[in-house]
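Build the full structure now, drawing on both the sequences and the hints.
Under the numbering used here, residues 1 to 215 are what the sequence shown spells out, in order.
No wet-lab data here; the hints were simulated from the structure.
Treat the hints with care, since some could be wrong.
[Unchecked claim] Subject to a maximum C-alpha distance of 20 Å in a straight line, what follows is the list of computed SDA-like cross-link-like pairs (lysine to any residue): (1) Lys113 <-> Phe84; (2) Lys188 <-> Gly145; (3) Lys113 <-> Gln71; (4) Lys188 <-> Met13; (5) Lys113 <-> Arg65; (6) Lys188 <-> Cys19; (7) Lys188 <-> Leu165; (8) Lys188 <-> Gly131; (9) Lys208 <-> Leu198; (10) Lys53 <-> Arg94; (11) Lys188 <-> Val170; (12) Lys188 <-> Asn140; (13) Lys53 <-> Gly97; (14) Lys188 <-> Tyr144; (15) Lys113 <-> Asp141; (16) Lys47 <-> Met13; (17) Lys47 <-> Ile57; (18) Lys47 <-> Ile62; (19) Lys47 <-> Gly88.
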Amino acid sequence: AGACSMAAFTASMHAGQGCAITTRLVVPRARYDEAVEAAAATMGGLKPGDPNKPGTICGPVISARQRDRIQSYLDSAIAEGGRFACGGGRPADRDTGFFIEPTVIAGLDNNAKVAREEIFGPVLTVIAHDGDDDAVRIANDSPYGLSGTVFSPDLDRANAVAARLRVGTVNINGGVWYSADMPFGGYKQSGIGREMGLAGFEEYLEIKAIATAAS
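Pasting the structure below:
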């Protein structure tokens with residue numbers, strides 16, 4: 001439950017408008033309902049508000065166009081057979097501002113539009129898996145590969161899963177990877193190259209190759 005709550009909290013930061021924010025929560029099928037409930041309890045308690053006020057986690061999105069775009073994704077989730085465990089639209093108590101309720105989507109698999117495309121809103125889709133191999137398959141079944149998270153009390157198991165993820169950064173149990181000494185970048189459509197860390201410095205080097213004929 002704690003891992004699901006952390007994922008839900010992360011999904012709501014900056015109203016979901018971040019490149020490395022949680023968008024899919026892949027959980028054991030046997031604990032699916034528990035995971036959905038925990039995520040919904042967290043996201044449902046994060047009421048959208050003024051980001052300048054202390055305690056506000058989820059502010060408005062950048063524009064009316066983006067708010068409407070997010071709503072179209074939420075509508076697609078229902079059309080594909082999903083359901084909202086919390087949220088799903090504009091807050092009833094907000095008649096101004098480009099707000100969207102933090103939303104947990106359940107009942108869909110990784111083929112759903114909300115699971116495959118970048119929404120950039122406070123939306124978390126919970127997907128069931130049938131073991132570590134299936135979880136890795138689902139996680140890697142994406143055109144993007146910037147970041148991922150692994151939760152497990154077994155660090156050997158967590159590291160084994162992290163090594164198989166086709167993403168540029170992985171945090172285990174909430175580990176912080178975003179710092180000046182850590183290379184940051186993605187795989188697949190999430191970019192080429194790295195910033196920060198030694199790899200980031202090397203991006204600015206001009207490398208010269210010199211070949212001398214053998215005498």
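Results for each hint:
1. Lys113 <-> Phe84: Holds - the C-alpha atoms of Phe84 and Lys113 are around 15 Å apart, at most 20 Å.
2. Lys188 <-> Gly145: holds (6 Å)
3. Lys113 <-> Gln71: holds (13 Å)
4. Lys188 <-> Met13: Roughly 24 Å between the alpha carbons, so the hint for Lys188 and Met13 is violated.
5. Lys113 <-> Arg65: Between Lys113 and Arg65 the Cα gap is close to 19 Å, so the pair holds against 20 Å.
6. Lys188 <-> Cys19: holds (14 Å)
7. Lys188 <-> Leu165: Given that 20 Å is the threshold and the Cα spacing comes to 12 Å, the pair holds.
8. Lys188 <-> Gly131: Measuring from Cα to Cα gives roughly 25 Å; hence the hint is violated.
9. Lys208 <-> Leu198: holds (18 Å)
10. Lys53 <-> Arg94: holds (15 Å)
11. Lys188 <-> Val170: holds (15 Å)
12. Lys188 <-> Asn140: Given that 20 Å is the threshold and the Cα spacing comes to 10 Å, the pair holds.
13. Lys53 <-> Gly97: Cα-Cα ~15 Å, so holds.
14. Lys188 <-> Tyr144: Given pair Lys188, Tyr144 holds - Cα atoms ~6 Å apart, limit 20 Å.
15. Lys113 <-> Asp141: holds (13 Å)
16. Lys47 <-> Met13: holds (12 Å)
17. Lys47 <-> Ile57: holds (8 Å)
18. Lys47 <-> Ile62: Given that 20 Å is the threshold and the Cα spacing comes to 17 Å, the pair holds.
19. Lys47 <-> Gly88: Holds, at roughly 13 Å.
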